[in-house]
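Asks: Each protein sequence line maps, in turn, to chains A and B. Residue numbering for the first sequence follows the numbering used here, beginning at 1 and increasing consecutively. Residue numbering for the second sequence follows the numbering used here, beginning at 1 and increasing consecutively.
Read the hints as simulated data drawn from the structure, not as lab findings. A hint or two may mislead.
One copy or any two copies: either way a pair holds, since identical chains are not told apart in the list.
Derived pair list, reagent style DSBU-like, types lysine-lysine, alpha-carbon separation capped at 35 Å [to be verified]:
id	residue 1	residue 2
1	K156	K205
2	K346	K48
3	K346	K205
4	K115	K48
2 protein chains.
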Amino acid sequence: MKPDTAPQTSITTSQHRIEPAGNKDRRPRVVIIGGGFAGLEAAKGLGKLPVDVTVVDHNNFHLFQPMLYQVATAGLASTAISAPIREVLHRQHNVEVMRAEVVDVDTQRQIVLLKHARPLHYDYLIVATGASTNYFGHPEWQTLAPSMKSLNDALKIRSMLLEAFEQAEFENNDEIRRKLLTFVLVGAGPTGVELAGSIAELTHKTLLRDFHNINPHQVRIVLVDALPRILPSFPEPLAQRAAKRLRQLGVEIRTGQQVTDVKDDGIVIGGEFFLTNHIIWTAGVLASKAGTWLGAETDKSGRVKVQPNLAIPAHANVFVIGDTACIMQDGKPLPGVAPVALQSGKYVARVIAQQLAGQTEPAPFHYTDKGTMAIVGRSFALVHSGPLQITGFLGWLMWVVLHILYLIGFRNRVAAILQYAWNYLTYQRSARIILVDNPRPLNTHEDT
Amino acid sequence: MKPDTAPQTSITTSQHRIEPAGNKDRRPRVVIIGGGFAGLEAAKGLGKLPVDVTVVDHNNFHLFQPMLYQVATAGLASTAISAPIREVLHRQHNVEVMRAEVVDVDTQRQIVLLKHARPLHYDYLIVATGASTNYFGHPEWQTLAPSMKSLNDALKIRSMLLEAFEQAEFENNDEIRRKLLTFVLVGAGPTGVELAGSIAELTHKTLLRDFHNINPHQVRIVLVDALPRILPSFPEPLAQRAAKRLRQLGVEIRTGQQVTDVKDDGIVIGGEFFLTNHIIWTAGVLASKAGTWLGAETDKSGRVKVQPNLAIPAHANVFVIGDTACIMQDGKPLPGVAPVALQSGKYVARVIAQQLAGQTEPAPFHYTDKGTMAIVGRSFALVHSGPLQITGFLGWLMWVVLHILYLIGFRNRVAAILQYAWNYLTYQRSARIILVDNPRPLNTHEDT
């Protein structure tokens, strides 16, 4: 194991990254930016083709984003909803995984520019960089009203929620205690609704059992949206039932009300000031920088406008998929949801396969909407699939089964099922751990 | 749920914190600083006594420290070895839990001074603040050679290990690649040995399967100690077998060699320079600030010298237990291990019970050494218990059963068993997640 005993030649250096121009024998290289649902599905679809695939992501893990709110509310461990991208793809021998940050794309030279690493050459490029949260022209609100897009976001929200109760437990000033126990969620789409329901459950079932000095009536969970109702993507009767359920759980709903200001100590909703320092922003979607990289036309949310085969107009070998793309169908853009990401990833792999085989292109991408689901607290979910509209416990069972089956990697599936079952039976939250930024043993001799 | 509908009187304000001097009816208050093994065991022992107990910790969770190296090497999720202190104690109605940082103790006025909270009055004080790592007069080495004492420490080490492989995979410069793949562990006690074995397993069994460009011969794991042999607390034959096993796993052992310098790009061991930026420090123990707070006499490691009943000489109502105390037995101090912490916590609860009952004090504290264990990679452990000396698979089975039984809280036990079994069967590491400090969606419009 001494370095000088290592054979100097046995290391496989990655020669492919900038290809010598005249190399005719090499296989085409597909670079996929992003290891989310769309990117991984594309990588899997390319598994058996005569191509070399590089998946680039700034994280080393795939995140099961639809269950992120469970991490934020201490229901699941962060590792239960994430899996190393290398592990997910390790059976596919034509795929390599690279943890790096993309800074730009040069579509003329066909290279992806990386931070702290040499550029990556591509023959085909698949951009699946996802989306972030839209503060609608108020980027300064981001620090005051954090969003929930990454694992770290969720862990910070978890700490924020738990810390609020720890402080409120020993706070004698009534006004400060009310401020500590007021939680405002901006955005009443599925994420906002699921988070609100889960915070309500966490609060009323789990935390209040362990915090003896907190008056349940002082806990206030407010769900705000500028639109006239919650869950605009669901049929109105389902949304109404969800709203009723949320109110039963103790959530105040403020729809049709605009957020006009966010401050250090509160938020202004429809002209009314709410004293709080616990605001979570789930409203609005802003696509990644891909449009800028590619010099492509984007819609208002920054999503890249794509052709029917998901390539961009100027470059037939550059595809944009998932939340990053503005895919028009029946005259309107498809929503940024996991099924669209999965189906577009699969489709693009097929397009590349057919191009390589010299076949004509497949039919334009067509999204098949199998339905939408949203969970509202423990054992209550909405399911909308074609003519089917289900609410309540049956919907919840369908949600649980489907979401857990989706979880990538068998191990995570087992861990998630067990944690979920355990939480359900006991009202415990297994992950109520406040990870402090400054990890320091209790008051040690720092200066010795 | 509107604040103005909340009854103003129903909140139980915590009046006890500074007691009115003349209140004769109140029950004695025991304040326990620290929610580790010692502190929790004391709190449990006081459960049915006519006292009010306050457990103060700067974390909201208890940490099962002996398995911390499993988190650092991606074997277990952080939530599998930790449990909210409130959850552990929530059945004990005379115990309240407070997340706060202690800044000092006033033994004259019998109060504990807290950061950002009012002082806590006590009738009995139990100090169980644990210990940190001793850099032997080189505090500047701490940032270059982090220690592994907290959950955050372990998560940082996990990211460091995984990141090294991510970078080495795409590094063409041979020297830089060797530097990235060199891991130096300072301190060959149980923590250093367990960590070295686990890093070797992680590297050779799990990571090298997923990283195709890394030459296994370039991975170097070095275990250093100034003492002449590893595991000085074990009998020599056992330590020899552990050393042999470590070498089989690919660990270089450098005993009898002093670390004389730690730099940005390497470490000097016995005069030789090792190029690396992956150094982990597990050598040496430094007790918490408790000695300073109490104005008590301490030993060289900062541990408070206690009387046979674990009280400090100047104050019969102040006890120091666990790693914070220097407890003499048979002419030498007891080691800072979990069983000493557990037994001393239990003992102190009994002393207080007997004092309250007006009985004579129990016999001086006597530690019963049931044995020591250390694990060396997968399915190999040392067990030393009285005349019994076991190594190998049988030892490992004993280790697994005992450690998992120790894990506080049924839920964690189940999760840990399953993760452990799954890892064992598959060589997978379930928690290979690099949590970046700067959680940001992939290249989003930061400026819009």
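Asks: Does each hint fit the structure? Answer for all of them.
Replies: Going down the list of hints, with the structure as the test:
no.: 1; hint: K156 <-> K205; verdict: both (21 Å within a copy, 33 Å between copies)
no.: 2; hint: K346 <-> K48; verdict: within (13 Å within a copy, 62 Å between copies)
no.: 3; hint: K346 <-> K205; verdict: between (41 Å within a copy, 32 Å between copies)
no.: 4; hint: K115 <-> K48; verdict: within (30 Å within a copy, 60 Å between copies)
Every hint, counting from the list given before, is met by this structure.
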